[in-house]
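Visitor: Sequence:
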Amino acid sequence: MSSQEDSLERQHEHLSDDGGQLVPTNPELPVDDPGVEEHIPRLADVDQAAADRAARQVIFMYAMVPVMAVLFVLAYYLIPRDMAVDFGPLHSSAQHVAMGLTLGIGILLIGLGTQQWARQLMSNHEIVEQRHDSSSPEDAKQEVLRQLDDGIAESGVPRRKMLLITALGAVGILAAPALVLLTDLGPVAGPNYRRRAYETTLWHEGVRLVNDITYTPVKASDMVIGQLVNGAPENLKDLHGTAFNNAKAKAPIVIVRMNPADITIPADRKDWQVSGILAYSKICTHVGCPISLWEQQTHHLLCPCHQSTFDLADAGKVVFGPAARALPQLPIKVDDQGYLVARSGFTVPVGPSYFERDSRHDLGESEEYR
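So the sequence shown is numbered by this note's numbering: it starts at 713 and just counts up by one.
Treat the hints as calculated values from the structure; they're not laboratory data. Bear in mind the structure is a predicted one, so any value in this text is a computation, not a measurement. Glycine residues also receive a C-beta, built at the ideal position from the N, C-alpha and C atoms. Worth double-checking, as some hints may not be accurate.
Said to hold, decoys possible - Result set (DMTMM-like, lysine to aspartate or glutamate): computed pairs, CA atoms no more than 20 Å apart in a straight line:
id	residue 1	residue 2
1	K982	E946
2	K982	D896
3	K982	D1023
4	K949	E917
5	K1045	D980
6	K873	D764
7	K960	D1026
8	K931	D1048
9	K873	D757
10	K1045	D1026
11	K931	E917
To be verified - Per label pair, the in silico range of CB-to-CB distance:
id	residue 1	residue 2	range
12	I791	Q842	15 to 25 Å
13	L820	Y927	51 to 61 Å
14	L876	L820	54 to 64 Å
15	L880	G812	57 to 67 Å
16	A761	L802	24 to 34 Å
17	S847	F1032	50 to 60 Å
18	A1036	T912	17 to 27 Å
19	S848	H808	42 to 52 Å
20	L820	N942	48 to 58 Å
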């Protein structure tokens, strides 16, 4: 009699026939505990050659991970970024395809190798643990340590050290693709790079102030009190593509005209304005939003993002909101034809503040003007 038939017979000992329907005769034990199924050993448990073959498979998969990592790095540096591959209707960068395949295969090999190790080489027996209180007495702690030692022994690591070596190597080598990708975050922002990349704008002495849409030069005599003009440097129109976008992001200004009697001008900025006409960076010093919400009566410029408010009649200082410093002011003058031109570039970096920014030329907190 098979074990299945024997189990069914034991179940029927506790059941009676009630009109064709089987009902339990012992409510406390309607069905016998079938117990744990018979353990069938794996081939690797009874055949050492099979176990060694499984170990070689795991080692091979782990050993291929560094190969995939090296291929990833080579793909990053050697495949041209403008090279493309076509998969039917799909068009993709060859570099992205190669990097994705090598990194994906490397991670897949780690997973497959670990699964093969667990299924074929680690211990394969049923473990039953009774529920107990959450507190852990000292003997229980010692038991955990003993089980940990047993687990290490059963994993095969003491006998097959190459498994552990290749596993650690496979996981560790994946740091190489990560480090390579980190280089794509941009160059190290040292002083020279900062000065070239985002602390220097197109503004310099003699550059005309123009309307940022029409590129029409702004004439001082054409501006009326209370007017605001969104401006840009005239030489911006000579750029194209990425260079244009990068320069435009740093160079926008607002040009305002106010009654000279309403303006409070620091002593070192007396010649930065023309008959009440002043120019300020249009980039908020909080997080870099473009601002041009102009309140004529209060002379305030409001940032719509986080409500930082700057008083343009008082050196652009912050009167409300999270911005930490005043708007940078562009020194201006008029040329021989009466058009507004820059007297120089900005004396401080435009845009949001950052730790490395040189703040020595900012208007100090302790001074009359900020």
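Visitor: None of the hints should be skipped; say for each whether it holds.
Guide: Each hint, compared with the structure:
no.: 1; hint: K982 <-> E946; verdict: 24 Å, violated
no.: 2; hint: K982 <-> D896; verdict: 45 Å, violated
no.: 3; hint: K982 <-> D1023; verdict: 17 Å, holds
no.: 4; hint: K949 <-> E917; verdict: 17 Å, holds
no.: 5; hint: K1045 <-> D980; verdict: 15 Å, holds
no.: 6; hint: K873 <-> D764; verdict: 13 Å, holds
no.: 7; hint: K960 <-> D1026; verdict: 26 Å, violated
no.: 8; hint: K931 <-> D1048; verdict: 11 Å, holds
no.: 9; hint: K873 <-> D757; verdict: 19 Å, holds
no.: 10; hint: K1045 <-> D1026; verdict: 19 Å, holds
no.: 11; hint: K931 <-> E917; verdict: 17 Å, holds
no.: 12; hint: I791 <-> Q842: 15 to 25 Å; verdict: 58 Å, violated
no.: 13; hint: L820 <-> Y927: 51 to 61 Å; verdict: 55 Å, holds
no.: 14; hint: L876 <-> L820: 54 to 64 Å; verdict: 20 Å, violated
no.: 15; hint: L880 <-> G812: 57 to 67 Å; verdict: 25 Å, violated
no.: 16; hint: A761 <-> L802: 24 to 34 Å; verdict: 45 Å, violated
no.: 17; hint: S847 <-> F1032: 50 to 60 Å; verdict: 57 Å, holds
no.: 18; hint: A1036 <-> T912: 17 to 27 Å; verdict: 21 Å, holds
no.: 19; hint: S848 <-> H808: 42 to 52 Å; verdict: 50 Å, holds
no.: 20; hint: L820 <-> N942: 48 to 58 Å; verdict: 54 Å, holds
Consistency with the previously given hints fails for numbers 1, 2, 7, 12, 14, 15 and 16, ordered from lowest to highest.
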